[in-house]
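Top line first, the protein sequences correspond to chains A and B.
Counted from 1, the first sequence has number 121 at position 121 by UniProt numbering; the numbering is strictly sequential.
Counted from 1, the second sequence has number 2 at position 2 by UniProt numbering; the numbering is strictly sequential.
Because the hints were derived from the structure by calculation, they are not lab data.
Computed from a predicted structure; not experimentally measured.
Glycine included, every Cβ here is placed at the ideal spot set by N, Cα and C.
Among the hints, erroneous ones may be present.
As the list claims (entries may be wrong) - Listed next, the stretches of chain B that the computed footprint assigns to chain A, with coverage defined by at least 3 CB atoms under 8 Å from CB atoms of chain A:
1. 180-191
2. 218-226
3. 253-266
4. 314-321
The chain contents come next:
There are 2 protein chains.
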Amino acid sequence: MSTPTSADWLSHRSEIRVLDCTIRDGGLMNNHHFDDHVVKAVYDACVASGIDYMEIGYRASRKNIKLGEHGCWKYCQEEDIRRVVGENATALKLSIMADAGKCDYREDIPAKQESVIDLVRVACYVHQVPLALDMLKDARDKGYETTVNLMAVTTVGDCELEAALELLAPSEAQAIYVVDSFGALYPLQTRRLVQKYLQYAKAGGKEVGIHAHNNLQLAYANTIEAISLGANYIDATMAGLGRGAGNCPMELLLGLLRDPQYQLRPVLQCVAETIEPLRHELGWGFDLPYMLTGLFNQHPRAAIAYNAQPETGDIGAFFDSF
Amino acid sequence: MSTPTSADWLSHRSEIRVLDCTIRDGGLMNNHHFDDHVVKAVYDACVASGIDYMEIGYRASRKNIKLGEHGCWKYCQEEDIRRVVGENATALKLSIMADAGKCDYREDIPAKQESVIDLVRVACYVHQVPLALDMLKDARDKGYETTVNLMAVTTVGDCELEAALELLAPSEAQAIYVVDSFGALYPLQTRRLVQKYLQYAKAGGKEVGIHAHNNLQLAYANTIEAISLGANYIDATMAGLGRGAGNCPMELLLGLLRDPQYQLRPVLQCVAETIEPLRHELGWGFDLPYMLTGLFNQHPRAAIAYNAQPETGDIGAFFDSF
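Isolated chain A (complex conformation) (with noise of 0.2 Å):
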């Protein structure tokens, strides 16, 4: 593959994959209870726009679980997907996520002859890599294509993260995502790990992608940088929505991509239409407390429960409490 030049994110990459995880991740937001009108909006939204990956929720372990405490798309069961999906007779893949440690794998994901998903994203942290290797093994000895995503990639230091990345490079995964899970990252920090993930990745024959939060009005921002580099895989969600401040908006990244595959229209009218009537109720998107638990590189919790507090917080108590 040719390295990219600094003109490539004005022109097109036919290698570049965008991935829409708005029912996943969104689903953070409301304990993965999206009535089937949304997702299949977002669906059909991806499949008119010619999105090449839509990830609808995650594949959780069932065991112990409290029937109705999660919406169906924490699981993913089948015939719950097909409710919605059908046989997906469409150009558009489907995927779902397997976080390393809250899925029984083995069992919860069939051969690939048996599902309508075409692709197992694993994710894990740091330390779950050699879970992740045998995740990533099992989904491809099934049939389906599978990337990984190493989560929290700015509280991993640099001796660590390379030894990561050379346990992935010859893995299964077709891709290697870095994951900015608490937005944290600026452009120039991006660009050193799109740089070193691709050193990793290319020798492995695989490529890098980008998954990115909003923290600091960066998700964007952080992702035309990671493209321009050579990331080929893409996350994005529809008006953002994602766990916390959210992530890099479809929305954005469809209006920068000038691949006549893409079409901005049909995500437009999701997001007028379908997405943002959720804003209220979900809560998703940029404001004080995320921003500060992005700036001081800290898991966004602190700033749920901020939010999630009857009354109004004291923003100065909170930031003094970092």
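Here the structure of chain A is known, so what remains is to put chain B in place on it, guided by the hints.
This is chain B only, laid out in the frame that chain A set:
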């Protein structure tokens, strides 16, 4: 001055000057009808946080005005400013913006010793550069600091821009701003513009500034890019309050700058307690219509009209109109 390195933006650079233009740019969303307590809260936060300049509004011609149509911050008469800031016995400097063609600058701007204002910022379009030069000279002759905002730079061809910069380089302005009025710049384009401005400005002993809009959620990213290259005059607003999609948020900017001169906490409190409560009424911030005017490099007026409709518009039809 030394060439900045990529590490500089994580350190600090004493040449940086932060300018708050919340009331000035935000005034475009409410016809400059800010209550004094809002202006005072922004002023107090600027003082407490160590911000260098606060732009309190425009100084515009009062010929043929309809009384009450615009709030007093469109004119910034000395008595209005002093009602809020007294004699401004603080380290914060105050600025007004004077638009070329909209200000009777010879009469309406008194000698510096009669004014509580420190800096006169001249704003012009490229065809108004000769007028701006006269305004800059007038302001400097009267004893003020002056800078120039060359507006809507994304609509200016390279050849015209270079001619404008040649004229502005030897002018009285102490800084020349890259102004992305339409919020249409990507960081790569910001980089090229800032480099070009620096080339002319440094030859004339001047600084370069950046004034960004957030139509593509890139106001902060473009501001970071400009800072990393050596731009030292940085515009931002509380909660990003400004025309349309708004500006680079001050809370993000101060979160980035490591100079102990700046304190984030007073800005957080001003945003949470004074500015965010205005959001519903003023309606600034990123949305799909503002995104589209930015994407298509157009003045936000079409988005403003779309958002002012009594019924929710059809975003697909709006997209088709470009």
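Comparing the hints with the structure gives:
1. Note: the region 180-191 of chain B has 3 residues with beta-carbon separation from chain A under 8 Å; the three-residue rule is met and the coverage holds.
2. Against chain A, the region 218-226 of chain B contributes 6 residues with a C-beta closer than 8 Å to a partner C-beta. That satisfies the three-residue criterion, and the hint holds.
3. With a cut-off of 8 Å between beta carbons, the region 253-266 of chain B has 4 residues touching chain A; three or more are needed, and the interface restraint holds.
4. Requiring three or more residues with a Cβ within less than 8 Å of a Cβ of chain A, the coverage given for the region 314-321 of chain B holds, as 4 such residues are present.
Consistency with the previously given hints is maintained throughout, with no hint failing.
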